[in-house]
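Number of protein chains: 2
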Amino acid sequence: MDLNVYNGRKVLITGGLGFIGSNLAISLVQLGAQVTVLDVLWPDHGGNPFNVEPVRKDLIVNICDIRDKYAVRTLVKGKDYIFHLAGQCSHVLGHVDPYPDIDINIRGTATLMESIKENFPDAVIVHTSTRGVYGSVDRLPVKEDAPTNPKGLYEISNLTAEKIVNFYGEIHQLKTVNLRLSNIYGERAQMRHGKFGVVNWFVRKALDDEAIQVFGDGKILRDFLYVEDCVDAILKTGASDRAFGGTFNLGNEEPCSFIELVKTIIDVAGSGRWEYAPFTKERAAQEPGDFYPDISRIKETSGWQPETTLRDGLLKTIEYYRQHRAMYW
Amino acid sequence: MDLNVYNGRKVLITGGLGFIGSNLAISLVQLGAQVTVLDVLWPDHGGNPFNVEPVRKDLIVNICDIRDKYAVRTLVKGKDYIFHLAGQCSHVLGHVDPYPDIDINIRGTATLMESIKENFPDAVIVHTSTRGVYGSVDRLPVKEDAPTNPKGLYEISNLTAEKIVNFYGEIHQLKTVNLRLSNIYGERAQMRHGKFGVVNWFVRKALDDEAIQVFGDGKILRDFLYVEDCVDAILKTGASDRAFGGTFNLGNEEPCSFIELVKTIIDVAGSGRWEYAPFTKERAAQEPGDFYPDISRIKETSGWQPETTLRDGLLKTIEYYRQHRAMYW
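Line by line, the protein sequences are chains Z and L.
Here this note's numbering is used: the first residue of the first sequence is 748, the next is one more, and so on.
Here this note's numbering is used: the first residue of the second sequence is 748, the next is one more, and so on.
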């Protein structure tokens, strides 16, 4: 897939100061796109103005809420590509407060889609959802047509957002793509707490030479994808006409246990240690067990494939945070 | 199932001035329950104070919005059973305005569940959803574990509401039941427009001696359930401990074509006529094709089964509207 299609095109990234959004923004600026990022810098989330420091003179940063329909209406106008990454992303916040998931992830997505429908229906919209929409799974690797049994409000709200995106695609003929992201790690993720972004949280623990807690027996399998690979996939699906209307797993086809992950992190960092810890009640209730995706659909449709090994990804990640620790700790 | 369990118990019915809610309220009063109905009488919807006329001295009517968290918090207190029927129920409103589905059906359900969790976690909660959550189906009759591919925002919002109800059941240990209702018809449905409640709309056309429009070739199969049977099922599942945590189809296992339905209505009414009509673009996009449910799960769990033939149900329905036409036309 030729990413030169983005050269000179107008792009909006919601959640564009966050982890994946900012890496995407940097890539798009480098590809010659005219990038606007929308972000509200919601407390405890990934938004960090420093994330776009390398390109800050070459993009527009617009601070506003995805639920602000008047602002969103203005910001979507004239955009050729809209990457929708804004969202509440704590897996457990919904246990104590159900409204952020509903208001930001569901209503916010509807606000964006409604604005696009009314103002710029030719835009391509790529929405990032989560592999959490599957919940516990019977068969591995997980294909996109597996049953969706999301466990928490975060996962439920992402599934609903996907369905809203598809609704606008089908009923209002918008060009939409849903991507179900696995565990993405790498530069520019928040490092202040472990409520989401488990790999990066473990990286922080290692860099601080602290104990990494591995829940349960540590043998649960997951897939971990480096953020540059993730950004590459987002760009390639956005540039693929054949992807429109589709829902795609976006992760790594090679499963890895938490023990293996943790040992690699400690080895690459040269610091840190690990210990077993019992699941908390909340984590146990939310824990869907082994997961790794079948990614043949996105590979066939967009020509994308993961390029970075876990070790190489961790090396780059750790180097970044060593250099910019003050901006993230 | 012994419905005497409701005798002397405190019950809240959201949407209790609507079609099914009011029939449920009347039954519960007759069973000796202390009934409060919550309804906002939302324009164009089924709420009608006349619906509870037969029992109006024996229940409490509280007009408020399901999204009004302070009011809802007060109303759930001390209730043994909460039947959640309030909802935006137009299938096509979401095509022009996505927010009522999201705000009323999704956020409203969360508001109710949050209030119950905080204030009266021992209550039994029965939530009525729609068979529309399945979307187009591959196999008939449809079992509860069939894939859910809701087409419109109404159906998406109902599926999300189900998942929110289940979330509170699982994570917060509330006693919850989801019922996926098919086409219910009978006394006390609104008769002013045909945006929902197709059988009742056809009944009105027949009583007005007008032409009933049958879309497509009229051979699409559906199931039609009489409201007294529906109320009986709601009461029996609410009274069944074994039902808690479950999701159940609630419909009629005997499929019927639209042509057959319309001919029966015209025959029973002794007036009206019918004609073929092409699908509108919106209806075609939303039309999921043949549907009738497998209802063995609810039968086995609650001991319920449908008792009323289509002809008998229509006879009672038509008699009611002949008598009370002024309150519904």
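Quick caveat, the hints were computed from the structure, so don't treat them as lab data.
In this text the structure is predicted, and so the values were computed from the model without any measurement.
Accuracy of the hints is not assured; some may be wrong.
If several chains are the same, the list does not tell them apart, and a pair holds so long as it fits within one copy or across any two.
Said to hold, decoys possible - Under the rule of at most 20 Å between Cα atoms (straight-line distance), these lysine to any residue pairs were calculated in the SDA-like manner: (1) K816 - R1044; (2) K816 - P847; (3) K804 - R1069; (4) K816 - Y846; (5) K942 - C811; (6) K824 - V776; (7) K942 - I918; (8) K864 - Y1067; (9) K824 - T1055; (10) K1063 - D844; (11) K816 - D844; (12) K864 - G1050; (13) K1010 - S883; (14) K1028 - E917; (15) K864 - V843; (16) K864 - K966; (17) K864 - D844; (18) K757 - A1031; (19) K966 - E1007; (20) K983 - H1071; (21) K1063 - C811; (22) K1063 - A986; (23) K1010 - D1059; (24) K824 - K983; (25) K942 - N751; (26) K1046 - F867; (27) K1028 - Q960; (28) K757 - V802; (29) K966 - D885.
Can you name, in rising order, the numbers of the hints this structure does not satisfy? 1, 3, 5, 8, 9, 10, 12, 13, 16, 18, 20, 21, 22, 24, 25 and 26
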